Amino acid sequence: QDVNDLKLRVEKGSIQMATDDGQFKFGIGGRIFMDAAAYFDDKTDLGSGSEIRDARLLFKATVWKNWDAKINIGFDGGNASLKDVFLQYNINTNSFFRAGHFLEPFGIEQTESSKTIKFMNFSSTVEAFRPGRNLGVSYDRWGKNYYWALGLFGSDVNNTVSNQDEDFGITSRLVVSPFHKENIMHFGLSGTYRSVNSVTVETNNGYGYSSTETTRSVRYRSRAATHIEGRRFIDVTVDNAESQLKFGIEMIAASGPVAFQSELINSKVNVKKDYSSDKDYKAKGWYMQFGFLLKGGNYKYNMKSARLAKPEPGSLELLARVNETDLNDEHAFIRGGKQKDISLGCTWYVNHNVLMKLNFTNVDLDENALNGEENFNMIQTRLQFSF
Amino acid sequence: QDVNDLKLRVEKGSIQMATDDGQFKFGIGGRIFMDAAAYFDDKTDLGSGSEIRDARLLFKATVWKNWDAKINIGFDGGNASLKDVFLQYNINTNSFFRAGHFLEPFGIEQTESSKTIKFMNFSSTVEAFRPGRNLGVSYDRWGKNYYWALGLFGSDVNNTVSNQDEDFGITSRLVVSPFHKENIMHFGLSGTYRSVNSVTVETNNGYGYSSTETTRSVRYRSRAATHIEGRRFIDVTVDNAESQLKFGIEMIAASGPVAFQSELINSKVNVKKDYSSDKDYKAKGWYMQFGFLLKGGNYKYNMKSARLAKPEPGSLELLARVNETDLNDEHAFIRGGKQKDISLGCTWYVNHNVLMKLNFTNVDLDENALNGEENFNMIQTRLQFSF
Amino acid sequence: QDVNDLKLRVEKGSIQMATDDGQFKFGIGGRIFMDAAAYFDDKTDLGSGSEIRDARLLFKATVWKNWDAKINIGFDGGNASLKDVFLQYNINTNSFFRAGHFLEPFGIEQTESSKTIKFMNFSSTVEAFRPGRNLGVSYDRWGKNYYWALGLFGSDVNNTVSNQDEDFGITSRLVVSPFHKENIMHFGLSGTYRSVNSVTVETNNGYGYSSTETTRSVRYRSRAATHIEGRRFIDVTVDNAESQLKFGIEMIAASGPVAFQSELINSKVNVKKDYSSDKDYKAKGWYMQFGFLLKGGNYKYNMKSARLAKPEPGSLELLARVNETDLNDEHAFIRGGKQKDISLGCTWYVNHNVLMKLNFTNVDLDENALNGEENFNMIQTRLQFSF
Numbered sequence: 015q016d017v018n019d020l021k022l023r024v025e026k027g028s029i030q031m032a033t034d035d036g037q038f039k040f041g042i043g044g045r046i047f048m049d050a051a052a053y054f055d056d057k058t059d060l061g062s063g064s065e066i067r068d069a070r071l072l073f074k075a076t077v078w079k080n081w082d083a084k085i086n087i088g089f090d091g092g093n094a095s096l097k098d099v100f101l102q103y104n105i106n107t108n109s110f111f112r113a114g115h116f117l118e119p120f121g122i123e124q125t126e127s128s129k130t131i132k133f134m135n136f137s138s139t140v141e142a143f144r145p146g147r148n149l150g151v152s153y154d155r156w157g158k159n160y161y162w163a164l165g166l167f168g169s170d171v172n173n174t175v176s177n178q179d180e181d182f183g184i185t186s187r188l189v190v191s192p193f194h195k196e197n198i199m200h201f202g203l204s205g206t207y208r209s210v211n212s213v214t215v216e217t218n219n220g221y222g223y224s225s226t227e228t229t230r231s232v233r234y235r236s237r238a239a240t241h242i243e244g245r246r247f248i249d250v251t252v253d254n255a256e257s258q259l260k261f262g263i264e265m266i267a268a269s270g271p272v273a274f275q276s277e278l279i280n281s282k283v284n285v286k287k288d289y290s291s292d293k294d295y296k297a298k299g300w301y302m303q304f305g306f307l308l309k310g311g312n313y314k315y316n317m318k319s320a321r322l323a324k325p326e327p328g329s330l331e332l333l334a335r336v337n338e339t340d341l342n343d344e345h346a347f348i349r350g351g352k353q354k355d356i357s358l359g360c361t362w363y364v365n366h367n368v369l370m371k372l373n374f375t376n377v378d379l380d381e382n383a384l385n386g387e388e389n390f391n392m393i394q395t396r397l398q399f400s401f
Numbered sequence: 015q016d017v018n019d020l021k022l023r024v025e026k027g028s029i030q031m032a033t034d035d036g037q038f039k040f041g042i043g044g045r046i047f048m049d050a051a052a053y054f055d056d057k058t059d060l061g062s063g064s065e066i067r068d069a070r071l072l073f074k075a076t077v078w079k080n081w082d083a084k085i086n087i088g089f090d091g092g093n094a095s096l097k098d099v100f101l102q103y104n105i106n107t108n109s110f111f112r113a114g115h116f117l118e119p120f121g122i123e124q125t126e127s128s129k130t131i132k133f134m135n136f137s138s139t140v141e142a143f144r145p146g147r148n149l150g151v152s153y154d155r156w157g158k159n160y161y162w163a164l165g166l167f168g169s170d171v172n173n174t175v176s177n178q179d180e181d182f183g184i185t186s187r188l189v190v191s192p193f194h195k196e197n198i199m200h201f202g203l204s205g206t207y208r209s210v211n212s213v214t215v216e217t218n219n220g221y222g223y224s225s226t227e228t229t230r231s232v233r234y235r236s237r238a239a240t241h242i243e244g245r246r247f248i249d250v251t252v253d254n255a256e257s258q259l260k261f262g263i264e265m266i267a268a269s270g271p272v273a274f275q276s277e278l279i280n281s282k283v284n285v286k287k288d289y290s291s292d293k294d295y296k297a298k299g300w301y302m303q304f305g306f307l308l309k310g311g312n313y314k315y316n317m318k319s320a321r322l323a324k325p326e327p328g329s330l331e332l333l334a335r336v337n338e339t340d341l342n343d344e345h346a347f348i349r350g351g352k353q354k355d356i357s358l359g360c361t362w363y364v365n366h367n368v369l370m371k372l373n374f375t376n377v378d379l380d381e382n383a384l385n386g387e388e389n390f391n392m393i394q395t396r397l398q399f400s401f
Numbered sequence: 015q016d017v018n019d020l021k022l023r024v025e026k027g028s029i030q031m032a033t034d035d036g037q038f039k040f041g042i043g044g045r046i047f048m049d050a051a052a053y054f055d056d057k058t059d060l061g062s063g064s065e066i067r068d069a070r071l072l073f074k075a076t077v078w079k080n081w082d083a084k085i086n087i088g089f090d091g092g093n094a095s096l097k098d099v100f101l102q103y104n105i106n107t108n109s110f111f112r113a114g115h116f117l118e119p120f121g122i123e124q125t126e127s128s129k130t131i132k133f134m135n136f137s138s139t140v141e142a143f144r145p146g147r148n149l150g151v152s153y154d155r156w157g158k159n160y161y162w163a164l165g166l167f168g169s170d171v172n173n174t175v176s177n178q179d180e181d182f183g184i185t186s187r188l189v190v191s192p193f194h195k196e197n198i199m200h201f202g203l204s205g206t207y208r209s210v211n212s213v214t215v216e217t218n219n220g221y222g223y224s225s226t227e228t229t230r231s232v233r234y235r236s237r238a239a240t241h242i243e244g245r246r247f248i249d250v251t252v253d254n255a256e257s258q259l260k261f262g263i264e265m266i267a268a269s270g271p272v273a274f275q276s277e278l279i280n281s282k283v284n285v286k287k288d289y290s291s292d293k294d295y296k297a298k299g300w301y302m303q304f305g306f307l308l309k310g311g312n313y314k315y316n317m318k319s320a321r322l323a324k325p326e327p328g329s330l331e332l333l334a335r336v337n338e339t340d341l342n343d344e345h346a347f348i349r350g351g352k353q354k355d356i357s358l359g360c361t362w363y364v365n366h367n368v369l370m371k372l373n374f375t376n377v378d379l380d381e382n383a384l385n386g387e388e389n390f391n392m393i394q395t396r397l398q399f400s401f
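Chains as they are written, first to last, in the working numbering: chain A, 15 to 401; chain B, 15 to 401; chain C, 15 to 401.
Please note that the accuracy of each hint is not assured.
Calculated lysine-lysine pairs in the DSS-like style (CA-CA distance at most 25 Å, straight line) [said to hold, decoys possible]: (1) A/LYS26 with B/LYS129; (2) C/LYS97 with B/LYS74; (3) A/LYS79 with A/LYS26; (4) C/LYS354 with A/LYS39; (5) C/LYS195 with A/LYS39; (6) A/LYS74 with C/LYS129; (7) B/LYS97 with C/LYS74; (8) B/LYS129 with C/LYS74.
These aren't lab readings, by the way, just hints derived from the structure by calculation. Treat the numbers as computed from the prediction; the structure is a model and nothing was measured.
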């Protein structure tokens with residue numbers, strides 16, 4: 015049937031249009047994140063200030079029952095950028111194929127919407143090692159007690175380099191949650207391999223074209239648990255890279271209004287070994303965070319996305335996080351710096367649409383960081399709206 | 015209640031979705047401005063032509079009765095830019111708090127939508143001195159005969175400079191309208207202070223880091239009452255700025271189909287006084303404009319925004335404007351040029367969505383302007399659509 | 015009447031809002047094109063890979079019965095760009111005036127949506143010579159057996175050069191279709207003239223300003239029937255251009271499930287003749303393509319847009335195309351290269367929203383092409399979603 019009536023509703027603060035038979039659903043939405051930050055005790059002079067951290071327009075569609083599409087465009091910083099832009103075929107209620115530009119299935123924070131991450135910013139570990147959104151395909155499935163996703167990815171949005179085949183990555187996440195009704199327990203493993211293709215440079219020496227292969231670099235870097243001050247205090251570039259391999263372990267445990275979440279990520283860059291001194295580069299990081307619902311009942315779990323659900327409207331949440339990211343590899347003589355940071359936070363889930371965050375963070379950097387050893391503090395706040 | 019039916023309506027040519035109880039309202043919209051300009055008698059060779067002056071997509075939302083949000087993205091010139099992007103809490107029907115990226119409350123034209131300004135372009139005075147949209151918070155309230163707004167603002171969208179705390183501005187507008195039924199009378203005052211923070215530059219002299227403070231500049235400049243030709247004929251840069259202070263007086267008077275509107279703006283840049291010859295820089299400008307509704311009844315007034323209301327669909331309006339902007343400060347030996355321009359206009363409000371403008375302008379520039387003394391004319395036209 | 019109820023429907027997979035009297039209609043939509051390409055036998059090392067070829071947000075409106083507006087913003091490559099952004103006044107059901115940013119009426123493929131073109135990419139001939147979207151006005155009308163459009167255009171979106179009046183173009187397309195019920199026959203002619211204005215450069219020699227006129231260039235170039243590899247293998251720049259003139263012939267013939275389509279384009283650049291050796295530059299190209307509906311019934315025709323209609327959902331289409339583009343002008347001693355390519359394709363119109371394409375192309379380049387003579391193959395695929 016080519017014409018059907020759509021019912022227009024507001025559901026949890028969001029616009030929904032749907033046919034009665036559920037074959038067609040459409041949604042439009044948007045978000046605004048407004049941040050402010052003040053930095054204290056900074057040796058490196060940090061720029062306190064404010065920003066529109068995120069502004070987005072979103073179109074969602076379900077058509078012909080099984081096809082989902084999402085077009086989410088970001089406008090932070092005054093530039094347009096593609097966020098989730100994908101097409102999905104729902105095989106059944108517990109599995110789907112997806113193609114497009116979306117988050118690689120690796121760990122908890124990397125795959126989580128910035129609307130629901132606990133602190134204002136990713137842990138610096140996840141920021142340093144996250145594969146982010148890339149263009150690819152994935153297969154996702156979940157059951158009563160597990161979640162599994164496998165994806166094959168190219169690069170981000172476009173193949174920008176002409177004289178080089180695009181890098182590719184293969185990424186998978188497996189989560190098992192033995193129970194998540196009264197109490198919640200969740201274990202997960204993620205792994206990703208990504209090729210680093212060499213670049214072919216063609217030169218004309220007068221007698222004809224000759225082509226040489228040039229190796230490329232891999233870079234890991236991370237902000238100091240903030241975004242308004244944009245400098246990366248830990249930053250490493252590994253030359254002559256051939257591929258990279260990352261491995262993540264994740265855990266969630268919750269009981270009533272108390273929750274624990276932790277991730278550990280190991281990364282290895284395989285380096286072309288021209289000389290005996292050339293060694294593969296290894297880096298790692300981890301965070302542990304604790305949540306306590308002062309108001310709002312108990313923590314709940316969502317098996318479909320394999321993470322804690324967003325607390326109910328009206329909830330008030332206290333948070334603490336310890337995070338360490340180590341980009342120094344003494345063995346390979348490559349030192350990108352080491353960052354330890356401790357954060358305390360409070361989040362008020364005002365209603366389905368509005369949310370306020372207050373974060374305090376202490377950052378401790380070692381002698382290999384941007385301006386050497388230093389220790390500073392910051393207070394940050396966010397006013398968040400989404401529909 | 016988490017699910018509610020929305021009624022879908024077109025209201026004055028715009029899409030509205032609302033629950034019956036008024037707790038939720040959503041709107042989507044857009045606009046297109048198409049301009050053409052022909053320049054005559056131009057000594058400086060001006061580029062006649064056409065442009066998409068503005069193209070926008072807009073999402074609006076009212077949720078949980080008191081929370082308003084607006085996401086308005088502009089795409090003119092082929093780049094995305096944030097326009098009004100804010101979250102607002104309506105305290106009652108006569109006051110609100112607002113946070114986000116929006117126009118600082120300073121004067122009439124600066125705070126007016128480009129959909130309803132009388133001529134195709136701002137007066138060059140307002141263009142030169144307007145604070146524009148910045149990221150901040152404001153409190154607005156209005157009554158039967160007054161409007162008052164107070165805002166605290168950072169910089170535009172992002173804190174782009176890392177090694178400097180963001181500038182801030184405090185801005186306020188107070189309007190009194192003793193009567194605005196049959197006849198309309200409106201007086202207003204606006205003031206704004208804005209800091210100009212110095213930049214810290216860190217240098218490593220081999221023995222350790224030393225940091226030096228560098229002062230920054232303030233720039234005022236203005237187009238020649240047009241936009242297709244983009245050059246600024248008057249333009250001043252004041253170095254060693256420490257802060258700037260602006261002061262505006264505004265007046266509206268209308269009776270039946272005749273309206274008068276005028277603004278006067280004074281600006282002062284406080285300069286760091288290293289030498290006795292260093293003096294603060296002062297500039298000023300004003301405009302007076304007259305409107306006559308050939309068709310469309312009488313002018314009406316809107317206390318909530320403290321300005322004349324948009325004429326009814328079908329109206330035909332004749333306009334005249336005299337404008338003078340003086341960026342020369344003989345006392346401080348800084349001369350940015352002086353521009354006098356006279357404009358005549360005609361606007362046809364075809365319906366709620368479509369509007370056509372025809373403007374003639376004569377521009378007279380003094381010897382300190384871009385290419386010295388000159389006098390030229392232009393005819394400009396706009397076809398405007400919004401919903 | 016200022017308030018009217020809108021009915022919300024999904025029609026052929028797209029959202030439609032309309033009043034019962036048809037005076038107001040609104041639509042929102044979007045699209046995602048996801049491409050992948052693999053290149054074989056390439057002497058020039060081509061970058062196989064994938065990309066989000068197109069991502070768009072669209073608002074459409076019909077207001078007060080006769081006014082249509084369209085705002086279509088593209089986000090491919092992570093930048094915002096204006097696509098169709100125009101206002102249209104429908105004179106009657108068979109003619110309209112249009113103003114804004116839209117495709118000049120020249121030939122079949124140039125005026126066709128990328129949602130419905132047969133292959134994944136334009137023929138290289140159309141890509142090389144197409145005027146594309148520009149800012150202008152047009153008058154379109156069509157009857158039972160004809161279509162005619164005439165447009166006057168400036169440049170693309172903005173007049174970017176200050177010291178030069180904008181170029182203008184005048185373009186027209188005339189199509190006659192003697193019959194298009196059982197069998198389809200269509201002949202068309204298109205022509206376009208475009209000025210190439212010189213640039214005025216002002217210089218101050220110390221005694222006053224003097225201005226010199228500088229001529230400009232015209233450039234034609236084309237990708238190798240692909241987009242992921244972005245290099246243009248044929249590319250010509252004609253200096254001292256004064257104007258350009260293009261002429262196109264088009265033909266469509268179809269019977270049942272078999273269709274034939276062809277275009278031939280001639281282009282001439284009029285060159286300023288300072289020396290007797292200066293000659294006008296001429297280039298040309300053509301393509302022929304065949305379609306066969308393996309499933310999906312017969313080809314249909316649409317007189318309003320003067321082209322074949324999109325096949326029905328569920329259709330499976332086989333395609334073949336021969337294309338030659340010759341940018342060499344031996345007479346004028348300007349050689350931009352010559353490209354011959356042969357493509358085979360298969361398109362599955364899954365439903366109104368989803369479409370899949372598979373294309374094979376062999377490209378043959380002459381000695382004047384980017385890296386000289388070469389011959390390579392490619393396989394490309396697209397997953398397309400639109401609503």
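These are the hints, each one checked on the structure:
1. A/LYS26 with B/LYS129: violated (33 Å)
2. C/LYS97 with B/LYS74: Status holds; Cα separation ~23 Å.
3. A/LYS79 with A/LYS26: Given pair A/LYS79, A/LYS26 holds - Cα atoms ~22 Å apart, limit 25 Å.
4. C/LYS354 with A/LYS39: violated (45 Å)
5. C/LYS195 with A/LYS39: Answer violated: C/LYS195 to A/LYS39 is near 36 Å, above 25 Å.
6. A/LYS74 with C/LYS129: holds (19 Å)
7. B/LYS97 with C/LYS74: Distance of about 21 Å is within 25 Å: holds.
8. B/LYS129 with C/LYS74: holds (19 Å)
Checked against the numbered hints above, the structure breaks hints 1, 4, 5 and satisfies the rest.
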